[in-house]
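Undergrad: Chains as they are written, first to last, in this note's numbering: chain A, 1 to 539; chain B, 1001 to 1215.
Derived by calculation from the structure, the hints in this document are not laboratory data. Don't be surprised by glycine CBs; every beta carbon is placed ideally from N, CA and C. There's no promise every hint is true.
[What the hints assert, rightly or not] Partial list, derived from the structure: chain A residues whose beta carbon lies under 8 Å from chain B:
hint : residue
1    : R106
2    : A109
3    : F110
4    : V178
5    : P213
6    : L247
7    : L416
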Amino acid sequence: MTDAAPEPRKHYLNCEYSVRSWLLTTDHKRIALLYLVSISAFFMLGGILAGLLRLELLTPQADLVQAETYNKLFTMHGITMIFFFLIPSIPAVLGNFLVPMMIGARDLAFPKINLLSWYVYTLGAGFTVVAMVTGGVDTGWTFYTPYSSTYANTNVILTALGVFITGFSSILTGLNFVVTIHKMRAPGLTWFRLPLFIWAHYATSLIMILGTPVIAITILLVALERGLGIGIFDPNLGGDPVLFQHLFWFYSHPAVYIMILPSMGVMSELVACFSRKRIFGYNFVAGSSMAIAILGFLVWGHHMFVSSQSMYAGIIFSLLSFLVAVPSAVKVFNWTATMYKGSIALRTPMLYAFGFVGLFTIGGLTGLFLATLATDVHVHGTYFVVAHFHYIMVGGAIMGYMGGLHFWWPKMTGRLYSDAWGRVAAVILFVGFNLTFLPQFVLGFLGMPRRYHVYPPEFQMLNVLSTAGATILGLGYLIPVLYLLWSLFKGQPAGDNPWGATGLEWQTPSPPPTFNFDKTPVVTEEAYAYDSSSEGHRG
Amino acid sequence: MAEHSSHVAHQFDDSTQQYEASTLGMWAFLLTEIMFFGGLFAGFFVYILGHAQAFAEGSRHLDIALGTVNTVVLLGSSLTMALAVRSAQQGHRNGQLLFLGLTVILGSVFLGIKGLEYAHKFAQHLVPGPGFRMEGPHAQSAQLFFSFYFAMTGVHALHMVVGIGLLAWLFVNAWRGKYTEAYFTPVEVSGLYWHFVDVVWIFLFPTLYLVARHG
């Protein structure tokens, strides 16, 4: 620490500079940045893998890679994106940074466990990266038995252990959030005054602590079966591979809600701020997060409509899956109603919010096609499914993540980025995304199966469109990297509250001091007390 | 923050908040653990429907005497753990050392007996895998039973090892006189964990050892 003459204000970024002060930090804001760097690296890796997949699919025959390599590419794309980018993305970065700030706390309840969660993530990521560079894995991200446990000749054990270990980082994050939200709220901040971002993270955390252990034990059993011959899923012994699918999807379907719920939380903040209105139907938006978390645990069987599950189970799972559409639609309608007659400002984060509403709606509605038994038999295992879940995970979850990153970037770094470039990138992403994945709905409906590197020539035109879209999408992700990094050095100082937003995190300087608030704030009103006639209420 | 004392971490306002947060954190963690073991139990109960006789046959190969002794040992360790928590709440250093020490010993005895059972199973070729040998019509599916037996008791034993590590750490801190009427949270929270691991065994014992002992 230097003591130059005009002492600059001390905040969490400039209080210490050593590498040690970052690697041993227990400050939730610094840990959020550690996560931001890690998951960005994995996002880039997963993106490059996706690029290779799309490049191979430019032509009907095998040009770039053979079947074995292609299997590894899509497996590693899925594992990287799901376990090492999407699941930690909003909770571990934005949630870590914002949960304590939004509730007026100095830190999470367990700061050391928070740091531990990052190290656990890094260890699991290390295992997976080693597995990838020493030959890769080709089971698909779903690790279906008996292929994964008996027949695959790739690094299944190492990858499984990587996923197993990383699961614990997710559990620890969820645990920290649950306790923090229960016990650390500022005076006056009752449950129904909480920002909806907090409700969404509370719901997400419940899924993390209740779902993740189930996949942990399941993946561990696969590794034990492969390594030690403990054959629980082995059909030769009378074991049932479908049991694996049940256990796997018991977590992995709710895991989709781990990805989308935090994004919905971001959405509520963005829509209210840039419409300058209270959110429409606060209680319903909060309740719908909890409803999605609970219902999400009851629908896993819709992944097994064609895997020898009983017909009656199929019917029940189909009906339950329809139910999830209700709270999801409640959210979409309430955001739309909030925008209605609001004074909308088309800033970068709001463009992402618009993108989210449209893309999530398409993703959600096509989900209903898949939840319908008869339609699912037709499109199961085709590109229709691929398009559907990319609309949810990329069109929904990542759009929300990008919107949130742009919204809170000035708070996190104290700098403003170029809003013009931000809007350009948001539009490019929207166009590129739709061009990539809309053709895949058609391809899937026409019968093109997923996970093949070759396809009949009549599908080429749609595949070329999709690959072209992926190129635009890639560009759309590259531009924000450039202007966000640029803003770190040349950006204008952001000020405490550049958007005129409500919420405790905007009442403290940007970047915030190490303990967030100089004195514990006291909350006296409901969330989103926007006054549509002015440039914002300053609490 | 006027009443900030040395054992209240910076993020908490007072020791009550810290105590409540730690306790809630452990309960939430135990929920996670229930789901973790729940996956195994769910699998076991699904399979026993389809392989009732094989599972009964496998169960009859377990050593019920050692299993019963272990159940008693573990229940005893829960008693000593509860007494250790009480000593911590009352700030009795000697009581803490005595009861934490006894709990560690009982936990270790449990693991020792478990190891003995594992050794017997190994000698009898009842470990799943290429070396598995068993007489009778259900030999093949009985391997499934032993897969569950080793997975479930193995994961449980791992939790015991972690628990003993925790208790050893508490013992060192108790030796230094760290736990008083004003600050006993770590002992209480570790106690919750220890009791949970015992409760898991209370479910494992009938599930694995007693499942075929009717009539």
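Undergrad: If a hint holds in the structure, say so; if it doesn't, say that too.
TA: Consistency of the hints with the structure:
1. R106: holds, 5 Å
2. A109: Holds, because the Cβ-Cβ distance from A109/A to chain B comes to roughly 4 Å (cut-off 8 Å).
3. F110: At about 6 Å, which falls below the 8 Å cut-off, the nearest Cβ of chain B leaves the hint on F110/A intact, so it holds.
4. V178: Where the cut-off is 8 Å and the nearest Cβ of chain B is about 5 Å from V178/A, the hint holds.
5. P213: This hint holds: P213/A lies near chain B, its Cβ roughly 4 Å from the closest one there, short of 8 Å.
6. L247: Result: holds, 6 Å to nearest chain B Cβ.
7. L416: violated, 30 Å
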